[in-house]
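Which chain is which? The protein sequence lines are A and B, in order.
Under my numbering, the residue at position 116 of the first sequence is numbered 116, and the numbers go up by one with no gaps.
Under my numbering, the residue at position 151 of the second sequence is numbered 151, and the numbers go up by one with no gaps.
If you are wondering where the hints come from, they were derived from the structure by calculation, not from laboratory data.
Note that the structure is predicted; figures quoted are calculated from it, not measured.
Some hints here could point you the wrong way.
[As the list claims (entries may be wrong)] Here are the computed lysine to aspartate or glutamate pairs in the EDC-like style, where the Cα-Cα straight-line distance is at most 16 angstroms: (1) A:Lys-173 with B:Asp-18; (2) B:Lys-162 with B:Asp-199; (3) B:Lys-253 with B:Asp-199; (4) B:Lys-253 with B:Asp-328; (5) B:Lys-319 with B:Glu-273; (6) B:Lys-319 with B:Asp-291; (7) A:Lys-173 with B:Asp-291; (8) B:Lys-159 with B:Asp-120; (9) B:Lys-293 with B:Glu-318; (10) A:Lys-181 with B:Asp-199; (11) B:Lys-321 with B:Glu-274; (12) A:Lys-173 with B:Asp-16; (13) B:Lys-326 with B:Glu-268; (14) A:Lys-168 with B:Glu-268; (15) B:Lys-312 with B:Glu-339; (16) A:Lys-181 with B:Glu-339; (17) A:Lys-181 with B:Glu-12; (18) A:Lys-173 with B:Glu-289; (19) A:Lys-181 with B:Glu-289.
[What the hints assert, rightly or not] Below, a sample of chain B positions facing chain A; criterion: calculated Cβ distance under 7 angstroms: (20) Cys-29; (21) Pro-42; (22) Phe-46; (23) Leu-105; (24) Ile-108.
[As the list claims (entries may be wrong)] To be clear about the criterion: a stretch of chain B counts as covered by chain A if any three or more of its residues have a C-beta under 8 angstroms from a C-beta of chain A, and this derived list gives those stretches: (25) 48 to 54; (26) 149 to 159.
Ideal Cβ positions, reconstructed from N, Cα and C, are used throughout, including at glycine.
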Amino acid sequence: MERAVSSDAVPATVGSGGPLDDFEGLFEQYRPRIYRFILASLRNNESAENLTQDCFVRAYLARDQLRSASSAGTWLMQIAANLVRSHETSGRLKFWRRTLRADIDLSDAGDWIPDRQMSPEQVAVAKQQVEKIWKVAARLSGKQRTVFLLRYAEDMDLLEIATITGMKEGTVKTHLFRALKSVRAALEDQRK
Amino acid sequence: MSRHLSSRQILECLIDADDSDGLQHVHECAPCRAEMESIAGPLTWFRASVHHLGDASQGQHPRLLAPQPVPVWGTWSDMWGGLQGQGRRAGAASVLIHASLIALLLLIGTNRTVQQIVRDQVQLIAPDIAPYRPTVKKDAMHGGGGGGDRSPTPVSKGKLPKLANKQFVPPMISHVENPKLVMDPTLIIQPDANIPKVDTPNLGDPLAKSGLASNGFGSGGGMGSGRGGGIGPGSGPGFGPGSGGGIGGGVYKIGGGVSAPSILYKVEPEYSEEARKAKFQGTVLLYVEVDEKGNPRNIRVIRPLGLGLDQKAIEAVEKWKFSPGKKDGKPVPVQAQIEVNFRLL
Chain A
1 MERAVSSDAV PATVGSGGPL DDFEGLFEQY RPRIYRFILA SLRNNESAEN
51 LTQDCFVRAY LARDQLRSAS SAGTWLMQIA ANLVRSHETS GRLKFWRRTL
101 RADIDLSDAG DWIPDRQMSP EQVAVAKQQV EKIWKVAARL SGKQRTVFLL
151 RYAEDMDLLE IATITGMKEG TVKTHLFRAL KSVRAALEDQ RK
Chain B
1 MSRHLSSRQI LECLIDADDS DGLQHVHECA PCRAEMESIA GPLTWFRASV
51 HHLGDASQGQ HPRLLAPQPV PVWGTWSDMW GGLQGQGRRA GAASVLIHAS
101 LIALLLLIGT NRTVQQIVRD QVQLIAPDIA PYRPTVKKDA MHGGGGGGDR
151 SPTPVSKGKL PKLANKQFVP PMISHVENPK LVMDPTLIIQ PDANIPKVDT
201 PNLGDPLAKS GLASNGFGSG GGMGSGRGGG IGPGSGPGFG PGSGGGIGGG
251 VYKIGGGVSA PSILYKVEPE YSEEARKAKF QGTVLLYVEV DEKGNPRNIR
301 VIRPLGLGLD QKAIEAVEKW KFSPGKKDGK PVPVQAQIEV NFRLL
């Protein structure tokens, strides 16, 4: 009665000829980046793991839509950004997620040492500023946070961000400008 | 470029790395560079912290595993086929129970009322309200009581009954044989009052002389020479001289839980003829006791003015009507002072 799934039902490699022949390689290459982006967006380890997995499952199922391997990063990031958006806006259980979730500790985020040559005071100031930016990022609207993280955490250029978010370049700039204004206001607030 | 960049332009430089004019200026102009770095620096550190965080949890993640053949139930019919007889019923029951439990949990979890209750949950603390509790000073206790049943002999010596807030039965040497409902006699006196203690088995006035058991010449129940169910020469259900319950003589003073009486009806005092002729003005200070019904009693002059004005003031105040002072929500007799002004227009 028991049946075993034959190995060709879930192949380790995608069919020959496509740009995603080596899906495992793609996974290894982009997983940290995707995971990092989702983690920074949602600030929750568990959700980030789930969504990273969802992202690659969706990518795998829709692998035919990808034409060239060079745009794989943008394509994956696009899926991730969509997942983050739908995760944030989904339904009634949002309340429980917000109430019960174990968010990452911001002091962990400041656990790194920016520069070994900095004095302890400078390190402390830097950590405070970074913590402030994390807080501002958490308060930003979904679109602003996505473009802000893509630009300043993932170092993407404006065109790539426009492709990922499906916005015009001008709109991306506007969102970035507003996000940066909030960041600057928070940093100036701290200096006072 | 001589002018400095505006803060907006600096943000635009940060956003768009292709803005070569702006970047050129920032390179050359120290103040603009400093301002740009004040934001760019923290942003760089932020990027480093995001990468650090991502890397930190990277080690904990499973790698993509090569798929292994896994036994699965292909279809529902396969699954049911695998279970025979008892197992099949048990399986169905299990699926049903699980499904209904999950449905119930979902139903409860998505219910707005439940969510509201969880949101409204607050931790309660018991604040220490001792500093705000009204305190009654010992010397603020006034009042008294008295009674008797018009016996020919004076009240006999004895102990006081229990102190309480309510009086159902006045203290008396009982003449009722086999009462159907036994109530302990009480006096309305604050429980912390200082009362004279006498160690005798029968009730009586602790300050009286020993003698034949008697309720005294008073009236209205109770014991002593007063009236109204208490013990002693006063009136009311308390002990001692004074009125209206309590102990210590006199009436209640305002304060210590006793509210002041307020005027309901007022008559302006007339001028006396002598004072009008002398064009005399001033203020008379009167002492008044306002009883439970709001009538002024025992009016006395504390600060006189003379020329017949004191008498006129007393005459006017006698016609006044008050809303009585209250203790614990009940009207009580209260002493007060009233200033009566005499002014010539």
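Hint by hint, here is what the structure shows:
no.: 1; hint: A:Lys-173 with B:Asp-18; verdict: 13 angstroms, holds
no.: 2; hint: B:Lys-162 with B:Asp-199; verdict: 14 angstroms, holds
no.: 3; hint: B:Lys-253 with B:Asp-199; verdict: 32 angstroms, violated
no.: 4; hint: B:Lys-253 with B:Asp-328; verdict: 14 angstroms, holds
no.: 5; hint: B:Lys-319 with B:Glu-273; verdict: 21 angstroms, violated
no.: 6; hint: B:Lys-319 with B:Asp-291; verdict: 14 angstroms, holds
no.: 7; hint: A:Lys-173 with B:Asp-291; verdict: 83 angstroms, violated
no.: 8; hint: B:Lys-159 with B:Asp-120; verdict: 57 angstroms, violated
no.: 9; hint: B:Lys-293 with B:Glu-318; verdict: 14 angstroms, holds
no.: 10; hint: A:Lys-181 with B:Asp-199; verdict: 87 angstroms, violated
no.: 11; hint: B:Lys-321 with B:Glu-274; verdict: 28 angstroms, violated
no.: 12; hint: A:Lys-173 with B:Asp-16; verdict: 8 angstroms, holds
no.: 13; hint: B:Lys-326 with B:Glu-268; verdict: 26 angstroms, violated
no.: 14; hint: A:Lys-168 with B:Glu-268; verdict: 86 angstroms, violated
no.: 15; hint: B:Lys-312 with B:Glu-339; verdict: 13 angstroms, holds
no.: 16; hint: A:Lys-181 with B:Glu-339; verdict: 69 angstroms, violated
no.: 17; hint: A:Lys-181 with B:Glu-12; verdict: 10 angstroms, holds
no.: 18; hint: A:Lys-173 with B:Glu-289; verdict: 83 angstroms, violated
no.: 19; hint: A:Lys-181 with B:Glu-289; verdict: 73 angstroms, violated
no.: 20; hint: Cys-29; verdict: 19 angstroms, violated
no.: 21; hint: Pro-42; verdict: 4 angstroms, holds
no.: 22; hint: Phe-46; verdict: 4 angstroms, holds
no.: 23; hint: Leu-105; verdict: 11 angstroms, violated
no.: 24; hint: Ile-108; verdict: 11 angstroms, violated
no.: 25; hint: 48 to 54; verdict: holds (count 7)
no.: 26; hint: 149 to 159; verdict: violated (count 0)
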